[in-house]
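In order, the protein sequence lines correspond to chains L and Z. With our numbering applied, the first sequence closes on residue 380, and no number is skipped along the way. With our numbering applied, the second sequence closes on residue 238, and no number is skipped along the way.
Hints may contain errors.
[To be verified] Only some residues are given here: those of chain Z computed to face chain L with a beta carbon under 8 Å:
1. L173
2. N174
3. V199
[Unchecked claim] Here are the simulated DSS-like pairs of lysine-lysine, each with C-alpha atoms no more than 27 Å apart in a straight line:
4. K125(Z) <-> K36(Z)
5. K36(Z) <-> K194(L)
6. K270(L) <-> K201(Z)
7. K201(Z) <-> K251(L)
8. K23(Z) <-> K96(Z)
9. K251(L) <-> K286(L)
10. K184(Z) <-> K307(L)
11. K320(L) <-> K189(Z)
12. K133(Z) <-> K276(L)
13. K307(L) <-> K26(Z)
14. K194(L) <-> K23(Z)
15. K82(L) <-> K307(L)
16. K230(Z) <-> K124(Z)
17. K209(L) <-> K218(Z)
18. K194(L) <-> K184(Z)
19. K70(Z) <-> K36(Z)
20. K251(L) <-> K36(Z)
21. K44(Z) <-> K96(Z)
22. K189(Z) <-> K270(L)
23. K184(Z) <-> K270(L)
24. K96(Z) <-> K194(L)
25. K216(L) <-> K218(Z)
26. K320(L) <-> K346(L)
None of these hints come from the bench; they were simulated from the model. We put the beta carbon where it would ideally sit given N, CA and C, even for glycine.
Single-letter residue listing:
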Amino acid sequence: MSEHKSGSNLEKVLSAGHFAFTGECGPPQGANVEHLIEKANHLKGVVDAVNVTDCQTAVVRMSSWAASLILLEQGIEPNFQMVCRDRNRIAIQSDILGAYSMGIRNMLCLSGDHQSFGNHPESKNVFDIDSMQLIHTVKTMRDEGKFLNGSDVDVAPKLFIGAASNPFSEPFDFRVYRLAKKISAGADFVQTQCIYNMDKFREFMKRAVDMGLHEKCYILAGVTPMKSVGMALYMSKQVPGMDVPESLIKRLRGAGKGKVAEEGIKFALEQIEEFKEMEGVAGIHLMAIEWEHKVPEIAERAGVLPRPVV
Amino acid sequence: MIVAESKPIKELLEMVKDFKKILVVGCKGCVTVCNVGGAKEAAILASALRISGKKEGLDVTVGEHTLERQCDPEYVNELKDVIEDYDAVISIACGVGPQFLSERYPAKKVFPGVNTKFMGGAVEHGVWAERCAGCGTCAIHLFGGLCPIARCSKSLLNGPCGGSSNGKCEISKEVDCIWDMIVTKMMEQDRLGELIEFRPPKSWTTARDGGPRKMIREELVK
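Only chain L is shown next, with the shape it has when bound in the complex (with noise of 0.2 Å):
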């Protein structure tokens, strides 16, 4: 992995062995841009790329590619999220080239959240694509300089490609052979759904590195610092392949009145000493969802700082 397929800053700082470091901010639902440039400003430095995400939750926001555009001119890394609910084929090779042409170096591949969870459910879903098929179309794009059709790209799109892999869905044996599906169809790095289940991780990672994974992929372990117990209990029962064991929650409860924030802050911290030693992990992607002030604080106590510059 040391020749640069994209030449990313994520890319340099994976392939030159440190532990990456990487955020994410969610556009705005509106053309706000000053506060989406507030929220992204906090990471500046802190991280070593920020995903934006894709109408996440399937809630309308301001396009992926136009925020990750923002936060280039910020000097941020973006890490363009991009799901396959929203677009075909046609516009989805379509976006890839544009986000390519403006300067996006990162791309997270996703199938997306179905649209009966946002505040559009009438609309109709596309899925042309799923997400290990827009992996192979970046790939076969990148590489092979070749649409899907098979006809040429004029200045193939040099990007760092990116999937989602989640170890606590169902069914878990099959997990780990879904992240070697993915690897296979294309992903340079993967960033795995928020870790709370310490034990299943673990157990997931050991199969990863048995089958080689880590050696093929960057695998970047997914924390969500828990801001609150009705954040977890939410998390637990109504976010779809989310494992929020019943410890973590008795632990934040006992935290006591106005301190459940830090002890939320402190488990993510453990988790994050835990990552940097554990074998096929490369780095952590810190999702603080609407906590993005929070981030310098985090990265400072994790020992991530400062970032390396590559």
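Here the structure of chain L is known, so what remains is to put chain Z in place on it, guided by the hints.
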């Protein structure tokens, strides 16, 4: 079969409120099997319309007639003498029926009496579930005999997505995750190798995406 459900009577009454002579046309095909559009249901709907007319003090005539099938011109022709006496026709066949009636009897106002839901079957008495999306190129053998196009909420060919939980789909605890079933079955059948094979993007040209479809069997065309 094609599975349908009756439209609410209120909606039907609103549709035909300006008509005095209404013919309810049933179908002995799929809609009879799923208990929404056969002779029995035609009789029930016709009497509901009559009662409502009486209640309103209107002089409404409602006839009923059930065809062998509404998706065959030969049977649709049977109506030619009956239909003359009516201004409005309610077809309680699937969406094909009212269209065949509209095409054959262009002067008549035709209304759909049911909402056509999907292609599927009865999984238990009174419960029907979708099985086929009619994509035009069947590949269920690649997925343990289960169709991810019709039965995965995202039609994933390389599932399951991260929203699969306890065998259920992320959209609802009432919806089975078909990919959970596919994986479980194929693992049991020792077919992991097939499961991890990359399934390329599907050509939707044979599905509705390719435009309205038609099938011609030359040997049957006279």
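To see whether the hints hold, each was checked on the structure:
1. The beta carbon of L173(Z) comes within 6 Å of a beta carbon in chain L, closer than 8 Å, and the hint placing it at the interface holds.
2. Hint status for N174(Z) relative to chain L: holds, with the closest Cβ pair at about 3 Å, below 8 Å.
3. Because the beta carbon of V199(Z) sits about 5 Å from the nearest beta carbon in chain L, less than 8 Å, this interface hint is met.
4. Distance check on the hinted pair: K125(Z) and K36(Z) sit about 12 Å apart at the alpha-carbon level, within 27 Å; holds.
5. Annotation: proposed proximity of K36(Z) to K194(L) is violated, straight-line Cα distance about 38 Å (limit 27 Å).
6. With a C-alpha separation of about 23 Å, the suggested pair K270(L) and K201(Z) falls inside the 27 Å cut-off, and the hint holds.
7. Straight-line distance between C-alpha atoms of K201(Z) and K251(L) comes to about 19 Å, which keeps the hinted pair within the 27 Å bound.
8. Annotation: proposed proximity of K23(Z) to K96(Z) holds, straight-line Cα distance about 26 Å (limit 27 Å).
9. About 12 Å separates the Cα atoms of K251(L) and K286(L), which keeps this hinted pair within 27 Å; it holds.
10. The straight-line distance between the Cα atoms of K184(Z) and K307(L) is roughly 14 Å, inside the 27 Å bound, and the hint therefore holds.
11. Our distance criterion of 27 Å between C-alpha atoms is met by K320(L) and K189(Z), whose separation comes to about 26 Å.
12. For the hint linking K133(Z) to K276(L), the alpha-carbon distance of about 46 Å lies beyond 27 Å, and the restraint is violated.
13. The straight-line distance between the Cα atoms of K307(L) and K26(Z) is roughly 39 Å, outside the 27 Å bound, and the hint therefore fails.
14. Restraint check: the Cα-Cα separation between K194(L) and K23(Z) comes to about 22 Å, which is no more than 27 Å; the hinted pair holds.
15. For the given pair, K82(L) sits about 38 Å from K307(L) by alpha-carbon distance, which is inconsistent with the 27 Å threshold.
16. Annotation: proposed proximity of K230(Z) to K124(Z) holds, straight-line Cα distance about 25 Å (limit 27 Å).
17. The hinted pair formed by K209(L) and K218(Z) meets the criterion: a straight-line CA distance of about 18 Å does not exceed 27 Å.
18. Between K194(L) and K184(Z) the alpha-carbon distance is near 22 Å, which keeps this suggested pair within the 27 Å criterion.
19. A distance of roughly 11 Å separates the Cα atoms of K70(Z) and K36(Z); the hinted pair therefore holds under the 27 Å criterion.
20. Our distance criterion of 27 Å between C-alpha atoms is broken by K251(L) and K36(Z), whose separation comes to about 64 Å.
21. As the CA atoms of K44(Z) and K96(Z) are separated by approximately 18 Å, the hinted pair is consistent with the 27 Å bound.
22. A threshold of 27 Å between alpha carbons decides the hint, and for K189(Z) with K270(L) the separation of about 23 Å falls inside it, so the pair holds.
23. In summary, the hint linking K184(Z) to K270(L) is supported, as the alpha carbons are separated by about 20 Å, within the 27 Å threshold.
24. For the hint pairing K96(Z) with K194(L), the CA-to-CA distance comes to about 40 Å; that exceeds 27 Å, so the pair is violated.
25. For the given pair, K216(L) sits about 17 Å from K218(Z) by alpha-carbon distance, which is consistent with the 27 Å threshold.
26. Distance restraint check for K320(L) and K346(L): the Cα-Cα separation of roughly 26 Å lies within the 27 Å cut-off, and the hinted pair is therefore satisfied.
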